[in-house]
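> Spelled out, the chains give:
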Amino acid sequence: MAHGKTEKCEQDCYKGGTVLFMYLTGLGIRYWLMFSRYQSIIANHIEISTPLNSWKRVSEGLCLQSKGINPYEGDLLHEAPITILFYKVLTQWWKLDIKTIFLAFDAGTAVVLYFVAKKYMFHLFIEQEENKKQYALNSKEFLLSGSDFVNSPVFVASAFLFNPYTIFNCVGQSTVVFHNFFIALFLFCMLSGSVILSVLSLAICTMMSFYPIVLIIPLFLYSNGIYKSKFRAILTPILFIATLAAFITISIGLSNGTAFMKNVYGFILTVPDLQPNIGLFWYFFTEMFDHFRDLFISSFQINATVLYLIPLSVKFRKDPFLLTFAILCLISVFKSYPCLGDVGFVLSLLPCFIHLFNYSQQGFLVGVIFLITTALGPILWHLWIYSNSANANFYFGVTLAFAIAQIFLVTDILFAYLKREFCLNHGKERKIDGKDALLILE
Amino acid sequence: MFLPTLLVLIFSPFGVLTSKPDKFTEELFIKPLYSDQLYVHFHFATKWDTNPEQETFRHTHIFPRALGEIVERYNVQELHVSLTGGLWRYETWGYPILDAAPGAEVWAWFKDTTEDVDQNWKLLASSLSGLLCASLNFIDKANSIRPEYTFKPKGVFSGSNLNSSFVRYSSLPREIVCTENLTPWKKLLPCESKSGLASLLNSGYIHNTRYHSVAIHMRPVCRDSSCEFVSLELQQTVSLVYDYLILGTKNWSFRKLFGQGLMGRCPLAETSTIYIDTTSNTSVPFQLTPSPDDYVTSIRGGHVNTFAKYVVRPYAMSLNANFLGKESVLLNAPPSLHANQYITGYGQERGGIVTKIYNNHWSHLDVVVLQNIPWYVPIYLHTLKIEVNGLEAEPLKIRYIPGRQRERPYHLELLLKLPARSVTSVSVDFDYVFLKWQEYPPDANHGFYIGSAIISANLPLARNFTGLPQDGSTIADSFNASRSGYLVQVRTENMVITLPTPDFSMPYNVICLACTVVALAFGPLHNITTKRLVLTVKDNEKLIVKIKNKIVKVLTDRRGGEEKQSVQ
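Sequence order for the protein chains is G and D. For the record, in the first sequence the residue sitting at position 311 is 325 according to this note's numbering, with numbers rising by one throughout. For the record, in the second sequence the residue sitting at position 522 is 530 according to this note's numbering, with numbers rising by one throughout.
Do not rely on the hints blindly, as some may be mistaken.
[Unchecked claim] Simulated restraints on C-beta separations: (1) Phe371(G) to Ile559(D): 43 to 49 Å; (2) Ile316(G) to Glu402(D): 49 to 55 Å; (3) Asn145(D) to Leu379(G): 51 to 57 Å; (4) Ala260(G) to Glu402(D): 38 to 44 Å; (5) Gly207(G) to Gln127(D): 55 to 61 Å; (6) Ser173(D) to Ile316(G): 56 to 62 Å; (7) Glu395(D) to Asn402(G): 29 to 35 Å; (8) Asn84(G) to Asp44(D): 47 to 53 Å; (9) Asp450(G) to His534(D): 26 to 32 Å; (10) Gln106(G) to Gln127(D): 40 to 46 Å; (11) Gln127(D) to Ala260(G): 37 to 43 Å.
[As the list claims (entries may be wrong)] Every beta carbon over 12 Å from chain G, so not counted as near; a handful from chain D, in silico: (12) Ser43; (13) Ser134; (14) Leu170; (15) Glu501; (16) His534; (17) Lys561.
It should be emphasised that the hints constitute simulated quantities derived from the structure, not laboratory data. Even glycine gets a Cβ: it sits at the ideal position worked out from N, Cα and C.
Make the full structure from the sequences, and use the hints.
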């Protein structure tokens with residue numbers, strides 16, 4: 015089999031040189047934008063920098079700290095003490111150039127994602143080989159070919175390197191760059207079966223933005239598969255909670271108190287800053303009646319975290335990576351302060367599911383909505399804020415459409431997975447007693 | 009038995025009078041300002057020889073009891089309130105006797121026995137709001153700061169721990185000052201506005217000026233030079249700046265300024281005096297009728313001023329000033345220190361606040377800049393830039409307390425050394441904040457106010473300076489009062505920013521649309537996770553055919569039923 019794969023790859027697969035060239039081009043684009051005059055324009059866009067991740071606020075926090083003022087006394091800083099220490103070490107102790115740090119971490123994410131895809135493709139390959147006998151006879155054409163397995167990581171890397179969302183995210187110096195790096199690291203560690211490292215990186219992500227806490231479920235499912243023992247698998251969440259507790263203790267020690275909890279996690283959960291972003295929260299809670307505010311904040315947060323978690327985990331327990339992808343997707347739509355960096359990261363994972371593309375139906379629609387909203391968003395923002403000729407409703411409309419596109423994307427992929435499973439098990443014929451039949455959910 | 013009681017009742021008020029001596033003075037100060045304005049300042053001072061620590065304000069003679077009760081209840085050591093319309097133009101007008109920021113401004117020191125200063129401050133502001141009919145009840149923790157360097161106690165302070173946790177400062181720049189504030193203020197005077205200089209305060213005239221400021225300043229002072237005992241001092245002032253263009257002439261009189269003449273002095277006043285600054289007579293001569301009772305020459309901080317003095321007698325009088333001679337070209341000698349403040353940037357996303365401080369003095373000056381920036385204007389300290397004559401400089405000291413949304417304003421206090429003859433600009437960047445729709449005021453597009461910055465300095469020279477010395481309580485005390493420094497607290501302009509607004513008519517639509525998007529995710533995900541894929545026979549029939557089939561089916565069922573019944 016391996017011999018046949020390499021043979022076929024002679025024609026279809028990308029060579030190492032091409033991949034290297036791709037990396038250099040992706041970094042080159044980032045480097046050029048980073049040191050051009052567009053950098054500040056990009057960094058100032060609310061689609062890139064939210065109150066949660068803008069580098070301006072991090073520098074404010076570092077500045078306050080250097081002047082002996084507790085940065086969590088005010089409410090401009092929403093980064094966890096542990097990450098502030100991380101930035102402090104990078105910028106003040108090691109005296110690294112900020113822009114280089116961002117470039118390096120984004121390049122690191124691209125490399126890690128390449129290996130994530132490679133691991134996942136390997137998993138798919140093993141699974142396909144194992145289950146081949148159970149599949150329907152005429153479903154051979156649905157199986158993945160060798161070139162798919164080899165090319166998919168390249169596609170993932172290129173989707174990350176040349177995705178305008180991730181490029182802007184890196185150039186705009188949003189701290190989501192670091193967040194994405196640790197998420198990618200988590201995915202890689204999870205797929206390679208290293209539970210301790212994945213728990214560690216997941217705890218870091220949770221400290222940074224809280225929402226990744228729900229990814230413990232897919233990790234649990236994975237470790238369940240690895241250990242083949244319920245008891246050892248249950249140790250994973252316990253280990254995670256212990257790591258998190260340790261991090262929080264360190265943070266309390268670093269910031270001399272628990273004030274950061276209110277500033278970081280309280281801020282994420284109660285949404286006090288209503289600066290517009292690409293999410294659903296800002297206008298909804300600007301226009302919310304005060305006595306309903308708590309009700310809707312809690313229901314929106316439940317919607318973003320646990321509402322879909324259990325049903326999806328039950329349904330997709332056989333493919334925890336797809337589950338992770340779906341959860342990441344839903345988080346990036348429904349979190350309180352989303353930015354393009356989150357969306358870009360999720361989109362760049364998409365080529366991992368190259369085997370589902372044939373079954374998805376709304377790719378064109380989603381693509382068109384992405385294109386239109388990406389172009390219209392900044393235009394309508396400018397009209398509202400700078401020209402005073404539009405109002406908040408216009409921008410709100412665009413963010414709604416953008417959210418809808420993301421929702422269509424994730425539901426489409428999940429539906430495609432179900433259809434592929436069906437086709438593998440029942441063959442491509444869709445007939446009952448010789449009559450044409452429809453595939454529907456019932 | 010009955011008689012002694014009666015006697016006590018009758019004589020007790022006299023007993024109060026003799027045991028608690030208090031002194032009331034009323035003064036009117038008039039000064040022609042550079043170019044086209046006339047500065048008129050009413051100064052009413054009450055000094056009460058009582059111990060403010062023990063006084064319960066059950067019995068007062070001249071001191072207003074209404075104010076005394078508030079001060080006593082909230083443990084106030086020192087109180088300063090001003091209500092101002094218009095902006096004092098330091099650059100051309102020099103320094104006023106008492107500085108005041110546009111709008112309402114309150115600062116107070118609480119006694120060091122106060123337990124909950126914040127609560128007392130809030131209650132004090134609410135009580136003052138009732139006393140003066142001003143919106144001071146909007147003062148709370150969210151717009152008050154504790155200045156560290158700017159507001160030191162003006163009077164004596166006996167407590168051992170003098171620290172900023174007992175001082176509070178707040179300003180309401182949007183407050184509009186008018187008759188409804190002046191009338192209750194006049195009621196605090198012993199003669200109200202029935203007689204004395206206060207009878208000139210005719211609201212129809214005095215709110216027609218370029219600048220008008222009503223103020224109350226209360227503090228404990230030394231009773232004598234040995235300072236063994238403490239007295240309570242209350243200064244009530246009204247400052248007005250008339251514009252000759254509004255008056256229509258450069259010849260002014262009581263009638264033109266106040267609409268009426270003066271109907272004698274207040275009988276309760278110890279002295280009742282009018283001072284007119286005639287220093288500018290050499291360049292812009294004017295003739296006073298009737299001629300003054302006396303001329304006073306004051307040498308203060310190297311500057312000589314002459315004043316015409318009138319002693320108000322218990323009968324009607326008026327005062328005219330006739331401008332003599334030709335218009336002469338005047339050269340403005342700006343005061344040693346003045347400042348401006350403005351907003352930079354465009355759009356409603358990011359902006360900056362710039363404070364420009366001018367030092368026209370021939371040597372360096374040490375100043376304190378205080379900025380009370382509301383929570384809806386979040387500033388970034390790392391963007392703070394101080395430029396002296398275009399070169400970057402460092403502050404001597406910085407005190408910064410970051411604000412919190414809806415809880416606390418941003419408090420920035422800087423100690424700067426201004427080089428001789430320099431322009432210093434202090435700039436800091438801020439973000440525009442998006443508020444909840446119910447937090448916008450009724451006229452949301454009018455904008456939000458940022459209060460003035462306060463620049464305090466001890467000037468070495470008394471040029472253009474009219475303020476009272478710290479130990480003085482009347483204008484007469486400021487004559488020949490040379491000191492080592494002359495404290496000025498320059499207030500800058502207020503600023504207005506228009507925060508971006510949502511569409512106020514949209515709440516239901518927004519709630520519906522956002523919930524629809526959530527439902528768009530919920531529906532398919534619910535289907536995917538709870539249902540399974542199955543194959544069903546493809547239905548190619550058209551809708552009409554379907555309906556027809558259904559009707560036929562229903563009919564045949566019924567007929568079948570009837571047949572069944574008939575069979576039975």
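> Of all the hints given earlier, name the ones this structure violates by number, lowest first.
6, 16
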